[in-house]
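There are 2 protein chains.
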Amino acid sequence: MESTKLKAFIPFFYLVWSDDLLTQKEFFTLQEFIGSQNWLSKQEQEILLSEIDILAPPSREQLTEWKSEIEKVIQTKPSVKTVFDISILLSKNDKTIIAHSPAFIKLENDLGILDEEALGSFRKNTDIITSNYQSANTLYIEKLTQLLDGEQAEIIKKVKSVISRPEFAYETSTDVAVYREKVFEWCKILAKENLGNMAFPKQYGGGGNIAAYFAIMETLSYHDLSLVIKFGVQFGLWGMSIQSLGTEKHFRKYLNDIGSLQLPGCFAMTETNHGSNVKGLETTATYNHDNQTFSIHTPNENAKKEYIGNAALHGEMATVFAKLMIDGNDYGVNAFIVPLRDKNGEILKGISIGDCGLKMGLNGVDNGTIRFDNVVIPKENMLDRFASVNKNGEFESPIPSDNRRFFTMLGTLVGGRIGIPRSALTAAKTGLTIAIIYSDRRRQFGPEGGLEVPILNYRMHQRRLIPLLAKTYAIHFALQYLTNRFIDKTESEMQEIEALAAGMKAYATWSTRDVLQECREACGGKGYLSENRIDALKNDTEIYTTFEGDNTVLMQLVAKNRLSEFRKSFGEMSPMGIINYALESAKTAITEKNPIITRKTDEGHLLDDKFHLTAFEHREKTTLASLAKRLKKLIDSGLEPYDAYNVVQHQMVDVSYAYLDRVILEQFQIAIASIKDEECKEILLKLSHLYALSQMEKNKGWYLEDGYMEAVKTKSIRKLVNQLCWEIRKDAVSLVKAFDIPESCLAAPIAL
Amino acid sequence: MESTKLKAFIPFFYLVWSDDLLTQKEFFTLQEFIGSQNWLSKQEQEILLSEIDILAPPSREQLTEWKSEIEKVIQTKPSVKTVFDISILLSKNDKTIIAHSPAFIKLENDLGILDEEALGSFRKNTDIITSNYQSANTLYIEKLTQLLDGEQAEIIKKVKSVISRPEFAYETSTDVAVYREKVFEWCKILAKENLGNMAFPKQYGGGGNIAAYFAIMETLSYHDLSLVIKFGVQFGLWGMSIQSLGTEKHFRKYLNDIGSLQLPGCFAMTETNHGSNVKGLETTATYNHDNQTFSIHTPNENAKKEYIGNAALHGEMATVFAKLMIDGNDYGVNAFIVPLRDKNGEILKGISIGDCGLKMGLNGVDNGTIRFDNVVIPKENMLDRFASVNKNGEFESPIPSDNRRFFTMLGTLVGGRIGIPRSALTAAKTGLTIAIIYSDRRRQFGPEGGLEVPILNYRMHQRRLIPLLAKTYAIHFALQYLTNRFIDKTESEMQEIEALAAGMKAYATWSTRDVLQECREACGGKGYLSENRIDALKNDTEIYTTFEGDNTVLMQLVAKNRLSEFRKSFGEMSPMGIINYALESAKTAITEKNPIITRKTDEGHLLDDKFHLTAFEHREKTTLASLAKRLKKLIDSGLEPYDAYNVVQHQMVDVSYAYLDRVILEQFQIAIASIKDEECKEILLKLSHLYALSQMEKNKGWYLEDGYMEAVKTKSIRKLVNQLCWEIRKDAVSLVKAFDIPESCLAAPIAL
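Line by line, the protein sequences are chains A and B. To convert, note that position 703 of the first sequence is 703 in the numbering used here; the numbers rise steadily by one, no gaps. To convert, note that position 747 of the second sequence is 747 in the numbering used here; the numbers rise steadily by one, no gaps.
It should be emphasised that the hints constitute simulated quantities derived from the structure, not laboratory data. Note that the structure is predicted; figures quoted are calculated from it, not measured. Hints are supplied without guarantee of correctness; some may be wrong.
[What the hints assert, rightly or not] Non-contacting residues of chain B with respect to chain A, defined by C-beta distances greater than 10 Å in every case (computed):
1. GLU46
2. SER50
3. LYS188
4. ILE189
5. PHE251
6. SER352
7. ILE377
8. GLU620
9. HIS650
10. ILE672
11. LYS715
[Unchecked claim] In silico contact screen, one side only, chain A against chain B (beta carbon under 8 Å); selected entries:
12. ILE128
13. TYR528
14. LYS568
Backbone N, C-alpha and C define an ideal beta-carbon position, used for all residues, glycine too.
Okay, chain A solo, but in the shape it has when bound (with noise of 0.2 Å):
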């Protein structure tokens, strides 16, 4: 085009031939536009159509050529604002063409062409944030690690050095058998190490010490995860179940031996037909007056037990969870121990044992199924710390009530329930270091000239994963907390510290599902490679949620503890409850609910700790008093309990979810609240923001719809959410450092 002014279409030429999103429909608005303009003389016209042709492209030399003459107006001139600027420039400031002005900017708007877009892309500016931001060097890493490990951090420490040395090396087999037995080993080298009988009392060859043995659960998670759940198996359940259901006598039989893995057992509870209903188990233990002995046996083909670690090879003996029947009546679920194996391995008599066969993980265990054909044991080997059957043949105990006794004998074990999230907790954080790391790295997409992207600099990207890292981290100081009220608890505290430690079962391995699941996605192609083990670490621990309790059920039963001590404070919605707890409610009201509260969004305010947990019960007290009222009204409609309960399930994991919520932030905002170090303080109290603030995100339309905030409140909590994962991106990498994995427990080519 020799026309100066005509030069003035080389842009929109140029976007609607080069431009990928462009199509036809382009064209043919281009087409109009020129046929249109009747500045232009029939001759011009078709020199611009010409252009345009689609079937006579111009050739690619052309395009470059109208590229580089852009190029050139943009780089001399870089007060151009748009498409329509270089049109100008180009026909050197053609009186015609700006005097046509307001028909090229309607073209320019007709093709949707974004200005600062289309500039952009011609400009080359390399100097873009979302290139340039990279991690932070912080200092706080060790100073950090000293205060997730606290007062155990020497046992941690030792733990990690042994699952360190050369013979832990990774097992790579796909043969299960070779697994299986590596597995073992590595629990006999533990065993020699004086780590499986931690928790077991001193004088029976135990360290008695509770606190170190869920630090060693929790470390030895940083390695295979078989290795964990078989040392949990032998540890703690079979040994557990001897030294929490047993009394003497079995404490000095059996638990040296245990702990040194002389003697292998299982925890042989579950059955085919009844895992979360322990009570409707179907084996019994029938008692022989003639000879002071039990029968052992499995009725039916679904009563056989399923699952049983350490069954399908390892186990000598099993603690067995049966009916206790004597003389024909039923004494509910009882514990007994029998032998399964010799010391040859041999099978005994009237034992049948399966093979549960290949899991989706954990494959280094040897779960399998039992069955008895009347085994029988003496009488001696019933676990009598809760019932016995006295000389004369009948039971005796000091909880009348079945139901109550099998609750307290249930409560005795519910250390598995804190030892299983912390483990859980541990792959998540082995997951997130790999992830995080990993998309520190890589490098995808950039700016046009520009130096590709790492990846975690990608504000989706972030959104995926820094979250996560801020509810791990709050979660651990939870599990901190409840591993410390377990250890001391008080008789009036147990039902308390038995529904928190279900819930937080629940939540932990629930949160530890989510994050592996979202750091194989983060990590593309390289995260689905075994090499890489987010494969093993997600595989592993998906049982988790379900093992050591169904994480449904859990919920159900922390909710309903939550009900019965909503109804000890209120009493069951009684006109009296009713009036306290509107009482309390108004004050909330009062306090919160008014049009400046529910609308308030300054950052000092919502970045407020006091605001948070304010909020935080605000939804837990509130969707419990929902809950009680909802139940009420249904029972009171007729309806029979069981099923207003069904009716309510779902609001029922509400309150649990609100309720554990509240207790983590709570417990988050305390140990932070405790420190010293400022930089480590800064940055945990970043995190707890960020935690805070995203579960109000995604409770948003719980708040909402109660009224606790109006919409620009919520809308300034998802920015605030988006400016957080921005800033704790550069301290992201130093967050999974201070969880300070062993590099050959962590692996994964792409973290080293």
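We have chain A already, so just place chain B on it with the hints.
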């Protein structure tokens, strides 16, 4: 207790001793109560207090006796309403007791006793809705199958019959080498059945039927997913790359042998450092003028091809994507056929192959890495549909813009983004079939003395599975729509269809991820055993969210396409555009955003198809306009466009979801409208309602923020979701049976 009056205390004694939820605190409450009742003599008080001495509990027999006394009273007087009513009756209507009603009622309240619950446990009512609810007999299953299969019923039947043959029994070896060979053998059988070449043109031995090819991919997905991917790599990626990017000479030379699996090949696009950002590929194809060849070369370790299916073992050739270099100039990414192995399987000179090793799933596919060390190929090996090198060694292309050429090339490969979501959905159908059939049979817990309840009768369990079943049906019809659009496409629709395919790929594969996760958990321990196949389904489809385009990246693409469409309608939010949009919005505001609508909660309205679609459209339009405005504001404020797009990434995902939700609902409604059979129509209508309402529930935060709904409406929607789950539960088993999955494919013992 001899005294009749004192018998009034029996219910309280029983409850505190037996209830597993009451604690020490209750004993104190009761003790205090007894101590403070001055109408009791000192002696009477002592008798009573002795019954609640924690150190001297009643005997088990005593408890049983109390219980039977209470039960007798309740059975004779069914009118009993409170625990205190029992007290009165046990005291034989003692006047003193009656006179102290308020005190007793307060006691009940203080103990947190919920009367109906307490009474329920004595009544042993087994007429419980939760226990008795069950699957309905339905007659529509076969008709529904026909509806789902539609025009492809015949080929679907054929594929099902092939994969049900004994030779397709699942491979159970954990030896990857064995598994890979088995999958390869299966592919050969399918090729022999002329299933692989179904989409190839008839003149090259194919079936010329793309619709049937997609149906084959889909149906194969009921079987092993490694088979599906291996099959897809050979016929869909390797074969279609020739068909889409090559010309006549390539078709003639290769298509027959590819279709018959005489020539196994690879699709070598992804490099270690460049997955999503294909434009950044570093492999080069340098043109050699002297002998008219190309040298294919891998410049560095991170530029090697990675994750390439068929590479590790079986591929003899590959379509390799590389930057075309002529005389030092870069002509962008193009595709070339490169031989990898000779007919004996020997790797050719200059080629280095690595094995990706064990993966999370799909271990029957031999993914590998490929490096090229200046491998020379003849000029004719360039796939030259969109670009070529002419006789003079000059670059030639009908598409002048490198950018557009690149996207046009990629656009021809969009079929993969139809095959993959259809395969993913099939896996979700299998998972749901297993989980729903199992949940219908599996019983756990139940009312005191009553039958255990099928777990699918629990509301929470319904909530977990049934909305996902509805969503799966919804996606099914949307994928049919996408397939039809793709097959009938015209040039001008391509960008829309590409965006829709990208979006549906992300939507369906994420849905499958969620479905299979939920199915795993819903099946508890059984869901963890490999024999029940959720393991394989989940792990095999895990990578579906990454390959064929990372979902998060795809969702950004979809939003960009929506933005571009938006700008074409309204301009770049220029004054004119804003006026247009405001007018449009005003219409919404007038018709829908008035209190009568935002608070409307009658079922007629909430179950109205038009309301559903309008609500979805409102969300779609509003989120898009708000994104466009925000982007403009950010850019106007001086942010570089690249940075501005980063800031709104999260919003872009929301926009894409809103768009996809709308398309899916719309297509589901359209499909239902054309159904003749009343039974099928009725149940599908229910599913569409559940899909619509549960998506609204999921997005209630947005609707409340926007003001489109008020709390009273979102709460009604939640209730209706529960109700629909409950209603559809009766049909759930029939609905999964309509998927008509061959038993040998389903294979899970818990679902057979």
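Against the structure, the hints come out as follows:
1. GLU46: About 20 Å separates GLU46 (chain B) from the closest Cβ of chain A, which puts it past 10 Å; holds.
2. SER50: holds, 14 Å
3. LYS188: Given a closest Cβ separation of 25 Å, the condition holds.
4. ILE189: Answer for ILE189 (chain B): holds, closest chain A Cβ roughly 25 Å.
5. PHE251: At roughly 25 Å from the nearest Cβ of chain A, PHE251 (chain B) sits farther out than 10 Å, so the non-interface label holds.
6. SER352: Consistent with the label, SER352 (chain B) stays out of reach of chain A, its closest Cβ about 18 Å off (over 10 Å).
7. ILE377: holds, 24 Å
8. GLU620: holds, 18 Å
9. HIS650: The assertion about HIS650 (chain B) is violated, with a minimum of 5 Å to chain A.
10. ILE672: Label holds. Min Cβ-Cβ 27 Å, cutoff 10 Å.
11. LYS715: At roughly 6 Å from the nearest Cβ of chain A, LYS715 (chain B) sits no farther out than 10 Å, so the non-interface label is violated.
12. ILE128: holds, 5 Å
13. TYR528: holds, 5 Å
14. LYS568: holds, 4 Å
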